[in-house]
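Chains R and D supply the protein sequences, listed in that same order. Just so we're aligned, residue -13 is where the first sequence starts under the numbering used here, counting upward by one. Just so we're aligned, residue 18 is where the second sequence starts under the numbering used here, counting upward by one.
Quick caveat, the hints were computed from the structure, so don't treat them as lab data. All the pointers check out, no bait thrown in.
DMTMM-like, lysine to aspartate or glutamate: derived pairs with alpha carbons at most 25 Å apart:
id	chain 1	residue 1	chain 2	residue 2
1	D	Lys300	R	Glu258
2	R	Lys295	D	Asp285
3	R	Lys229	D	Asp303
4	D	Lys202	D	Glu226
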Amino acid sequence: MAKEMIAMLLAGGQGSRLYALTQKLAKPAVPFGGKYRIIDFPLSNCVNSGIDTVGILTQYQPMVLNEYIGNGQPWDLDRLYGGVHVLPPYQQASGSDWYKGTANAIYQNISFIERYNPQYVIILSGDQICKQDYSDFLRFHKEKGAEFSVAVMEVPWEEAPRFGLMVADETDRITEFQEKPKHPKSNLASMGIYIFNWDILKKYLVEDEADPNSENDFGNNIIPNLLRDNRSMYAYRFSGYWKDVGTISSLWEANMEVLDPEHSGINLFDDEWKIYSRNSGMPGHKISPEAVIENSMVTDGCRISGSVKHSILFAGVRVEAGAEVEDAVVMGGSVIKSGAVVKHCIIAENVVVGENAIVGAMPADGEKGVATVGSGVYIGDGAKIGPNAMVNNNVKDGDVQW
Amino acid sequence: MVNTNTSALGIIFPNSYDSLVPDLVSERLMASIPFAGRYRMVDFLLSSMVNSGIDNISIIVRKNYHSLMDHLGSGREWDLTRKNGGLNIFPPYSEKNVKIYSGRVEAVASILDFLKNQKEKYVILSDTHIAANFDFHRMLEEHIESGADVSIAYKKEEIPAGFKNIQVSKGDLYYTLLVKDSRVKRIFINSPEPGIQNVSMNIYIMNREFLMEQVTGAYARGYIYFERDILAPRLEKLHVHAYEFQGYTARVSDMKSYFDENMKLLDDANLDGLFAPSPVYTKIRDDNPTRYINGATAKNVMVADGCVIEGNLENCVLSRGVKVGKGATVKNCVLMQDTVIEDGADVEYLITDKNVTISAGKTLKGTDTFPIYVAKGQVV
Chain R
-13 MAKEMIAMLL AGGQGSRLYA LTQKLAKPAV PFGGKYRIID FPLSNCVNSG
37 IDTVGILTQY QPMVLNEYIG NGQPWDLDRL YGGVHVLPPY QQASGSDWYK
87 GTANAIYQNI SFIERYNPQY VIILSGDQIC KQDYSDFLRF HKEKGAEFSV
137 AVMEVPWEEA PRFGLMVADE TDRITEFQEK PKHPKSNLAS MGIYIFNWDI
187 LKKYLVEDEA DPNSENDFGN NIIPNLLRDN RSMYAYRFSG YWKDVGTISS
237 LWEANMEVLD PEHSGINLFD DEWKIYSRNS GMPGHKISPE AVIENSMVTD
287 GCRISGSVKH SILFAGVRVE AGAEVEDAVV MGGSVIKSGA VVKHCIIAEN
337 VVVGENAIVG AMPADGEKGV ATVGSGVYIG DGAKIGPNAM VNNNVKDGDV
387 QW
Chain D
18 MVNTNTSALG IIFPNSYDSL VPDLVSERLM ASIPFAGRYR MVDFLLSSMV
68 NSGIDNISII VRKNYHSLMD HLGSGREWDL TRKNGGLNIF PPYSEKNVKI
118 YSGRVEAVAS ILDFLKNQKE KYVILSDTHI AANFDFHRML EEHIESGADV
168 SIAYKKEEIP AGFKNIQVSK GDLYYTLLVK DSRVKRIFIN SPEPGIQNVS
218 MNIYIMNREF LMEQVTGAYA RGYIYFERDI LAPRLEKLHV HAYEFQGYTA
268 RVSDMKSYFD ENMKLLDDAN LDGLFAPSPV YTKIRDDNPT RYINGATAKN
318 VMVADGCVIE GNLENCVLSR GVKVGKGATV KNCVLMQDTV IEDGADVEYL
368 ITDKNVTISA GKTLKGTDTF PIYVAKGQVV
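With the hints as constraints, model all of the structure from the sequences given.
Shown next, in the form of structure tokens:
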């Protein structure tokens, strides 16, 4: 039986701008919002939109991601026919290749897509925080009789030059594509989410692969080629919360926005559109008599004896008595020892911040740095980590890093 | 063969001692009583069995078992979705005799055909009124070493207060043991003895064929209770080994003990005793993390995921999805899942069942010795 639409999720990105956080894992596996990983958002969107077949294209540091996805059961994607499949580059009779670009990654998996013989393929990106109903996007695509549609967000004109922009007419038909232009003609930024008619996508992938000068990239090659041929291309306007969490500061900011769903628009508390994840299975969190907790999110397994303000604590975090945590994102299993001060920063998984150590600082004098400590790092007693520091190696007792 | 699976299967009696907590089981059974925030009583036993390598577990239900079926599903969360063994739920078998079983003999008799076809050499029988992190593997090893016919796990403790109200007419008995050199010399039934006793945990290990043989014989004679009718009269002939469990236990024997055992978990030492060394599994609900909104305060509480706290919490155990409104004060309470305490309500010494709502501004206070219980779905 053919599937109407299947999803291909591009999860190969290294996320090099997240430095310390992506040394050992791919960007889509980066933890977010207390108990999620970034990839939970597109996967949950798929399931909630009725898409039951998802290919995940991985390449960089796939181990954590592979283990996390497993058989797809947490997202209800363990299916007899379809379900979730992790697709790394593989050896073929004619030789093997890493994925050269986003288009090439899909090209190398044409046979996977053909097993399901879909009418439509939706291309998703694994590095955005967004709740989106893809079935509404598909309805639009069908209504317009499109061969290709792209989800776009209206962005402020002054920020438009940072994006790939779609110039569209009054019927939303795309007439031009501008990649990070100096003089934007549109403020409709591409979200990197596309729906293709499968026959069209396949034709252009094959053609693109045959072109030795191509970068095999959707934005730089496939979309310009579609435009050149005057294909039926439409821009689907999305107006909900959308955030590319490609940098430390945007990741930190998006986490902080979770604490304020009334204003930020990212609501993780929506029973109608649940975000699924692999659960920690720990008992409820504990707040001891001497602890202070204000305006924060706390996940199962945490033990709090210190002070936690405006922060997000992932599963199993410990904050010992006398420690202070403020404006911080502290990922699973990390321990903040007594007297330590952790502010305006991101602490990755399984970090130990030693007694009386200081990590980060509240913004002052135009300094807005988000200190970042990579996973598994040990910060020695009394050490000091400055607000712009990226720490990837253990820090000795009393050391100072800026 | 790789030595991963213990050669024992588990048989669980989920309705034992239902009569001691009539309010809590009005729409469920002992096994599915919510406990320790996000868990149900049966989770501790199932997880302990699974963590001890037991992956063939049967639950012989008597009545009110819909909530248990809903909780367990296919058994996936406990890793019990297996081709061989896994989780089996035996509903009352109404074809042969419409009667609902009352004792273990009748219960086991109803699954004799199933037991005959199993491969495990040993069986482990257990109730669900005790939450513990129990190493069945260790008990089994000791059982094999002792060469006993039957092993009984017991705990040295005072007889739980709730047992003193036990109604023999409802079929619930409790047992204390006279132990000498790790051998059970006498089994006392419903003994009122004060002070520390060897209180049976109603956990038994024996050879599968031995169990089948004994139950077949006893059932034919119209016997009901495994302990009273099979073991107690024959302690001279049978070698009954006593296995002392020294770990942490939370025993539900009445509403008061239910409240106290929840509260005891606010002490880290007790919490670690119950949740270590092995993890405890439960049904996944995919709740978001708990959110403390501006103005909320919390002191000495255990809170599961999915709660939204805007009011003031002190000395409480909250299950998943509880909402506490602005200016509400919640002290010394056990709140089960999806309880809503509306703005400005003031509650103390309260046990709320699932989906209870305490309306805005209401005051409701029980006492230390007599916590107020609000039944499932009630709006106060």
